[in-house]
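K.L.:
Place chain L on chain Z using the hints.
Chains Z and L are the protein sequences, given in the same order.
Be aware that the first sequence starts at 1, since it is given in the working numbering, and climbs by one per residue.
Be aware that the second sequence starts at 141, since it is given in the working numbering, and climbs by one per residue.
Hints in this document: simulated from the structure, not taken from any laboratory.
Positions of the beta carbon are idealized from the N, C-alpha and C atoms, including for glycine.
Among the clues, some could well be false.
Have a look at the derived ranges for each label pair, beta carbon to beta carbon [said to hold, decoys possible]:
id, chain 1, residue 1, chain 2, residue 2, range
1, L, 289, Z, 87, 52 to 58 Å
2, L, 210, Z, 87, 35 to 41 Å
3, Z, 58, L, 210, 47 to 53 Å
4, L, 294, Z, 65, 46 to 52 Å
5, Z, 116, L, 396, 19 to 25 Å
6, L, 263, Z, 74, 53 to 59 Å
7, L, 314, Z, 58, 24 to 30 Å
8, Z, 87, L, 406, 45 to 51 Å
9, Z, 60, L, 636, 32 to 38 Å
10, Z, 67, L, 270, 48 to 54 Å
11, Z, 65, L, 577, 16 to 22 Å
12, Z, 74, L, 606, 26 to 32 Å
13, L, 415, Z, 58, 30 to 36 Å
14, L, 354, Z, 97, 51 to 57 Å
So, partial list: chain L residues that the calculated Cβ filter (under 10 Å) puts toward chain Z [unchecked claim]:
id, residue
15, 488
16, 601
17, 608
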Amino acid sequence: MDVRAEVVDILAGFSLFADLTTPELENLVDTFDEQMFSEGERVVRQGLSSASFYVILDGAATIRVDGKDRATLRPGDFFGEISCLLGEAPVADIVAQKQLRCLVLPGESLERFLVGHPRVLFRLLQGEARKVRTTTRWLT
Amino acid sequence: MAHLTDKPFPPGRYPLVVVGSGPGAMQLTYCLGRLGLDHAVLSADDAPGGMFRRWPIFQRMLSWTKPFANHEKATRAYERFDWNSLLSDDEQLRAIMPTVMDGTSYFPSRPEMEKGLATFAQRAGLRIRQSVRWESTRADGKDFVLTTSDGEYIAPAVVFAVGVAQPWRPNVLALEGVQQYGELRPAETYADRRIFIVGKQNSGFEIATGLLPWARQIVLASPSPTRLSVDTRSLVGVRARYVQPYEDWALAGGVVILDASIESVEKTGATYRVHTKSPTDSSTLVFEVDDVIAATGFVAPLRDLPQLGVSVFGQSRLPAQTPYWESATLPGVYFAGTLMQASLGLKRHGIPSNSGAVQGYRYNARVLARHLAESRFGVTLERPAVNAGDVVSLLLDEVTRGPEVWHQRSYLARVVKVGGDGMVDAGIEPLAHFVDDDSGPDAAAITLESNGRDDPYPAVYVRSKGSVKEYLLPPHPLLDFTGDQYRKELSDRLQPLLGSALTRSAS
Numbered sequence: 001m002d003v004r005a006e007v008v009d010i011l012a013g014f015s016l017f018a019d020l021t022t023p024e025l026e027n028l029v030d031t032f033d034e035q036m037f038s039e040g041e042r043v044v045r046q047g048l049s050s051a052s053f054y055v056i057l058d059g060a061a062t063i064r065v066d067g068k069d070r071a072t073l074r075p076g077d078f079f080g081e082i083s084c085l086l087g088e089a090p091v092a093d094i095v096a097q098k099q100l101r102c103l104v105l106p107g108e109s110l111e112r113f114l115v116g117h118p119r120v121l122f123r124l125l126q127g128e129a130r131k132v133r134t135t136t137r138w139l140t
Numbered sequence: 141m142a143h144l145t146d147k148p149f150p151p152g153r154y155p156l157v158v159v160g161s162g163p164g165a166m167q168l169t170y171c172l173g174r175l176g177l178d179h180a181v182l183s184a185d186d187a188p189g190g191m192f193r194r195w196p197i198f199q200r201m202l203s204w205t206k207p208f209a210n211h212e213k214a215t216r217a218y219e220r221f222d223w224n225s226l227l228s229d230d231e232q233l234r235a236i237m238p239t240v241m242d243g244t245s246y247f248p249s250r251p252e253m254e255k256g257l258a259t260f261a262q263r264a265g266l267r268i269r270q271s272v273r274w275e276s277t278r279a280d281g282k283d284f285v286l287t288t289s290d291g292e293y294i295a296p297a298v299v300f301a302v303g304v305a306q307p308w309r310p311n312v313l314a315l316e317g318v319q320q321y322g323e324l325r326p327a328e329t330y331a332d333r334r335i336f337i338v339g340k341q342n343s344g345f346e347i348a349t350g351l352l353p354w355a356r357q358i359v360l361a362s363p364s365p366t367r368l369s370v371d372t373r374s375l376v377g378v379r380a381r382y383v384q385p386y387e388d389w390a391l392a393g394g395v396v397i398l399d400a401s402i403e404s405v406e407k408t409g410a411t412y413r414v415h416t417k418s419p420t421d422s423s424t425l426v427f428e429v430d431d432v433i434a435a436t437g438f439v440a441p442l443r444d445l446p447q448l449g450v451s452v453f454g455q456s457r458l459p460a461q462t463p464y465w466e467s468a469t470l471p472g473v474y475f476a477g478t479l480m481q482a483s484l485g486l487k488r489h490g491i492p493s494n495s496g497a498v499q500g501y502r503y504n505a506r507v508l509a510r511h512l513a514e515s516r517f518g519v520t521l522e523r524p525a526v527n528a529g530d531v532v533s534l535l536l537d538e539v540t541r542g543p544e545v546w547h548q549r550s551y552l553a554r555v556v557k558v559g560g561d562g563m564v565d566a567g568i569e570p571l572a573h574f575v576d577d578d579s580g581p582d583a584a585a586i587t588l589e590s591n592g593r594d595d596p597y598p599a600v601y602v603r604s605k606g607s608v609k610e611y612l613l614p615p616h617p618l619l620d621f622t623g624d625q626y627r628k629e630l631s632d633r634l635q636p637l638l639g640s641a642l643t644r645s646a647s
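Isolated chain Z, as found in the complex (with noise of 0.2 Å):
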């Protein structure tokens, strides 16, 4: 079974990639790894450095803060960007709802493939934009 075609298939369909190229959908598998979490597992831990970038392929996540949880996340979401650009312990754990499959990229390598993926970084800056707007109605 080729993995790597059934995996550009997927992100062929999320927002975040749709102006990238198939081969640029191939070049991105290669340059992410592929992680399978189960249930129950936690993906980042609040607090704990070393940050990553997910993209989720098939499954859930819930964001748990201080132990309570505060949204669920789907296929073609997307979590851990906020640490890696500022460098800092997430402020949420991300633990996995069932069983979970995600793209990932270090957060050494996340502003090497955004500057280097301009359309990406402009949909990114797009779902920032919405969680700012949520996290705003939430608070007013």
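P.N.:
Just chain L now, kept in the frame of chain Z:
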């Protein structure tokens, strides 16, 4: 009697079955035996040694053994410098590899590696039922039933140490005549030929290195740029042993290293036409070559385990695992040897463990054996008491000289815990288990960490009341973390833990 010795473990019921006879299975069965745990070992091969009885294909290892180091060969500290010997607490079984090497290279030849493993098996008296093929698996209540060429084996727990050595190629290379790793002809038959290698990992560069003296031209292609281990300061990337084709390309010597996807491959008579496309500007190139070699990776030969419930991931179809190398989705199924690389650990800074290689998984095997003893056999292992005043020295000495944390950085850790009467030395644990064990006692773990840029440095994790805090100590150019600066900082970090232990000890 000789026949009985040759064929131990007849079909039947066992508390535990290990499948495989490579170094991963050998290390595990040795450790299980030392703990007195009854188990059977089966292997399709006709002798121990696993893939090293055939590979690496160009007959020299990628991992070194230094015959001379600043430590005696029978010591734990020497294990840092000997990546290939299996582990033992018996002096006769330690550091076997330097005794079988001829001194021409600190990378053992493949035959030397095979001899070293065979020597260990013989001296340790390992009992393995060879030439029995695991054919299928089924669940029966709380047991697993393994159908083999010799009959059925029934056990509540099975460890698969079957390697990740089955070459895989994508559909675009599913073409008659395209060769894979393991299918190469003798190097001289590539004389004056144009060779296209798909894949720019170590296996691709190993093949290119081996064929450099023979090929007219070599092209290496895959979508992502080549990474070199000397740049990543880890085992991520092409190892220095195989960098010569890269230098040939960098100096425009004739080798072509291309970042491109393979669009199609056509056979045109005796030659091939390979069409490539750049991932950056979609430009295309066409290569007319005499040989196409797929160095596109390997998959785990797990047979029917995925159908039974073992979740797999990635191109290599590796089994998802807990920190103790148990299937994340099918309890009772464990993995050893290079399959342990799929228990990812924290993967800090994106750097994987060394569980895909002997120098990493040999330590995992010892941890797994102890875990199986306690979780499957009901054995309570001794954890010696340690004076609270000695903890700082113990941990700093471990991170300075301990081979487990050196070879398995940010993956295995030395752990001390607060016990009923003070501190206890809990030995080596998977770091991922430690940091996620919210219900565990107050404890501290130390490991060595690499970040891909700096010299390695100690990383300390302190668990107090279910919450884990991380402290990173500064690097030291000589990796000596026993000085006053480290003692003071670690003492400060451990004060809440040691204060509590001292109080318990005094009461």
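K.L.:
Against each hint, give a clear statement of whether it holds in the structure.
P.N.:
Here is what the structure says about each hint:
no., hint, in the structure
1, L:289 / Z:87: 52 to 58 Å, "56 Å, holds"
2, L:210 / Z:87: 35 to 41 Å, "37 Å, holds"
3, Z:58 / L:210: 47 to 53 Å, "49 Å, holds"
4, L:294 / Z:65: 46 to 52 Å, "47 Å, holds"
5, Z:116 / L:396: 19 to 25 Å, "22 Å, holds"
6, L:263 / Z:74: 53 to 59 Å, "55 Å, holds"
7, L:314 / Z:58: 24 to 30 Å, "26 Å, holds"
8, Z:87 / L:406: 45 to 51 Å, "49 Å, holds"
9, Z:60 / L:636: 32 to 38 Å, "37 Å, holds"
10, Z:67 / L:270: 48 to 54 Å, "52 Å, holds"
11, Z:65 / L:577: 16 to 22 Å, "20 Å, holds"
12, Z:74 / L:606: 26 to 32 Å, "29 Å, holds"
13, L:415 / Z:58: 30 to 36 Å, "32 Å, holds"
14, L:354 / Z:97: 51 to 57 Å, "54 Å, holds"
15, 488, "4 Å, holds"
16, 601, "8 Å, holds"
17, 608, "7 Å, holds"
When held up to the earlier numbered hints, the structure conflicts with none and fits them all.
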